[in-house]
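Chemist: Position chain B against the provided structure of chain A, taking the given hints into account.
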Amino acid sequence: MQASLSPHRKLGKIDRALGGRSFAQTKGHRVARALAAWALLILLTPVSEDALAQAGYVHALSGRAYVQKTGGRAPLTAGDTFQSSGSFATGERGRLVLKFADGQLVLLGPGSVLRVDRYRYDAQDIKTSGFSVGLLNGSMRFVGGSITAQNRSAVRIGAGNSSIVLLSDKSTDFSIVVDTGDKQGETGIAFVAAGEIAVRTPYGRIRRILADQAVPWRPNRKEQPAPVPLAASPAVVQAAVAALRLAALPPSTPVEPIVAASVARSEAVAVAANSGPVGYVEAVSGLLSAERGNERLVLNVGDRFGLGTYFSTGETGRVVLKFTDGQTVTLGAKSSARIDRYEFNPRDINASGFEMTLLSGSLRFVAGSIASQDPQAAGISAGGSYITLLMAGGADFSVVVHPHAAGGEVGIAAVTKGEIAVRTPYGIISRIDANHAVPWRPGRGEPPPPVLLAALSPADKQALDELLETTNLAAALAELPATAAGPEAAAQVVIAPLPGVYSAFTVTPAVTGCLGSPC
Amino acid sequence: MVCAVLFVFLMWTAAQSAMLGAAHFLAQLAHAELQRWSSGTSPVALWKIRRVEEYLENSLRYSADNPWALESFAALDLARMRASAIPRQALAEAQDARERLRRALRQRPTSPYLWANLALAKLYLDKIDDEFLNALRSADQLGPWEPTIQQMTVFAGLAAWGRLDAALKQALKGSIERAGARDAAKMYEIVKKFRRFDLICADTQYNELARQDCKQNAGPATPGKR
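Line by line, the protein sequences give chains A and B. Heads up, the first sequence is in the working numbering, so the first residue is 1 and it goes up one at a time. Heads up, the second sequence is in the working numbering, so the first residue is 1 and it goes up one at a time.
Looking at chain B on its own, in the form it has when it is part of the complex:
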């Protein structure tokens, strides 16, 4: 009797493990495909997008709250949002991304990438609220030395600079400073896009890159004002 119960339990565990394994495998396939797209320059065929969607849907069928699949799905949503020329559709994609990231964060609240992506999704939804500020803060605290996190938080933060509190502004300035040591060129590109040279001109790490812009744009900046 005990053996039978044990056998059933083992079989159940094996089935669960197999399903989780399948879910992770499919999420990994989707992730690899997404990575390939983001490093390529040619357009992606619709059937490939659908295939990735199927991977992720199947992955979530095996494991409904698989954070890997949810994060990749959110990345797909945001990429489709950028591709859209239909405002309502773009909004829906950004909303889907936000919901998937929220679900993923319930499973993996210590991932700075999920927090940073949530901040981006909120930015695209034009929802600069407490959740946005918290997402930025969490991403910065959980991945202070991750170059991608530094870039994402500074990008989202500069877009909403006028509505950040002093502590968060200071934290992002810290990210810019740390980024100078890791990937100064990329951070310089972001700062340049926002024309916030005032944030890097005093930093010697950016001297080489920003000298010209700092000369041309000398004078105090007035961020967040119209």
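Next up, chain A with everything else stripped away, as it sits in the complex:
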């Protein structure tokens, strides 16, 4: 726009905008005025172009989320803006809320990938507006904005190998889960909270899904089921939909992305700055250094620490961190770790979560309320590996990792209580039961199956000894302080399930039935 105006008109516009009538009256000042105006134009132009190119912004996120860029992926933070095309991904515990200029909202669930192929929004000319997005894998909640309400024919939404067609001009709010990883074929779930949609799946067309209806699709089924109310849907469908509907979303009204992003960024910074301590140092020995942001911390027993704190232990250092939900993390010698996420809501455990990164060294994790109640809410990155908990009811495990060992990452995970799974750079260890351990290292192919701690092969024992710098793994693990929070500690905290879950059933009949005579 600005490039097409003549310099005189530009100067006039800027002058008027600045209200510089007296400034323009003297001929001698004209040159200075022109120079000032050009300087201002140069300053403003990049901002304006940037503003025009922004399709939306990251409204909120928890856990890890990334944007795909040429040459790799970059982590996202709240308040980041994005342009009219790009790919977004969430980590295994990540959640991401994207808000577009027309008010449209996309919530990406954990382990999801979304591609925005095209997005154009012109509030003055909605007929030229439209977008095309595709959920490649994972889960997504979509809330329509101005474009879906006024020009839905220009909307393309994909989900795995399926495509979604909007059938209603009214407000649209639906959730989609797709898993394309199965060799047998795509599995998916669609739930509509508001509006109406149709879905073209690889197994046929679902002609109409009305509000409050859900429908799954999967391969190897003679007849795909018809949409039914969510309350009558299979348990997995209800739970998958519930997971997407836990997060609160902002209103789906149009926004100026740059401005809204700035607000979101400020809010996120304010929340982080005001976030109180998430735990305290229960025990420490040897050398311990800690940092938070640019601030170096001196932590002693009883001192509290907050989110984002980075810990590093020395040659003989060891530290026991206790979190507000009763969970404990013990760092061994020569270890470094960072607390990435910690949210604990005693009234709603589903809104709680924990993520940390063991950069190098050893760590013992004993579950508190969060991981005991909702194992999926806790995740630990260990070098290039990622540990997930498989069982509610508590967990106690240790992990040692050296990501920069010769040839590649070397590590071991040993479980004392509960069950875990580990995704290593060499393959997935789908389950490690209590009293079992699995080592991983380069040049061996996939990690071996779990073995009893007492029955490790001599080679593995030796490798473990080297990792732990001790002669006995069991002794080394036992040496770590027994700070189990476990169910006892969890029981002291009052946790409530989702509101209304135990409230009177309005349509679904009560399931308690009738006890005693005459039943």
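Incorrect hints may appear among the rest.
What the hints assert, rightly or not - Partial chain A-side listing against chain B, Cβ under 8 Å, derived:
| id | residue |
| --- | --- |
| 1 | Pro229 |
| 2 | Ala239 |
| 3 | Leu246 |
| 4 | Pro250 |
What the hints assert, rightly or not - Computed list of chain B residues with no C-beta within reach of chain A, every gap over 10 Å:
| id | residue |
| --- | --- |
| 5 | Met1 |
| 6 | Phe7 |
| 7 | Met19 |
| 8 | Arg88 |
| 9 | Gln107 |
| 10 | Asp126 |
| 11 | Ala181 |
| 12 | Asp198 |
| 13 | Arg211 |
To be clear, the hints were calculated from the coordinates, so they are not data collected in a lab. Just so it is clear, the structure is predicted and the values come from calculations on it, not from any experiment. Note that beta-carbon positions come from the ideal geometry of N, C-alpha and C, so glycine has one too.
Modeler: Quick look at chain B alone, frame taken from chain A:
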């Protein structure tokens, strides 16, 4: 000698009775708590859920196959299933409920509530098989005039309508008709949730409630089709 044997027998019987009494008492405590939750609107604290779980576990310790405790336990499982946002966990809860209901049915096969709850658990497990159809049929036959049974069977039946045989469909239509005389409003809510107005529009008992919907949704319904 005889007296001693008799005394031992009496003591054994007394101990058994005491254990059964304790089992029933604990199951009753759990049931009362569950009923209180289902009529309330506020969230339930975890320690209360654990307390009910303990009641039921202790009850089953005294009497391993106590159908009362098993049924309440299954109700707790299904409630937790609904609360879960973790698919695998929700599935496990529904599976636990099904197993407990099956065990309870071995003790009390004439309870329509157990059959109806089994049908619900199977529905949540997405197992629409012979056991599901049999559970629906049994519930309908054993409690044809029980409003809760009518509602539960129609709810589960409408969710799997396309896979019901003609006789079962007819039986459920009968339930809807009978419900019109007992609790038409509740049955109307269920039918409305499934948008199966074709099942009530011809029934004069639902005229008052469904007139508007019947007008708007005139025309043949195509249940069970995508």
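Chemist: Determine for every hint whether it applies to the structure shown.
Modeler: To see whether the hints hold, each was checked on the structure:
1. Pro229: Status holds, d = 5 Å.
2. Ala239: With a minimum Cβ separation of about 4 Å from chain B (threshold 8 Å), the hint on Ala239 of chain A holds.
3. Leu246: holds (6 Å)
4. Pro250: violated (21 Å)
5. Met1: Met1 of chain B clear of chain A: closest Cβ-Cβ about 41 Å, beyond 10 Å.
6. Phe7: Check passes; 32 Å lies beyond 10 Å.
7. Met19: Met19 of chain B clear of chain A: closest Cβ-Cβ about 18 Å, beyond 10 Å.
8. Arg88: violated (8 Å)
9. Gln107: Holds: least Cβ distance 13 Å, greater than 10 Å.
10. Asp126: About 4 Å separates Asp126 of chain B from the closest Cβ of chain A, which leaves it inside 10 Å; violated.
11. Ala181: Holds, because the least Cβ-Cβ distance between Ala181 of chain B and chain A comes to about 18 Å, which exceeds 10 Å.
12. Asp198: holds (15 Å)
13. Arg211: Arg211 of chain B is indeed farther than 10 Å from all Cβ atoms of chain A, at 20 Å.
The structure fails to meet hints 4, 8, 10 from the earlier list, while all remaining hints are met.
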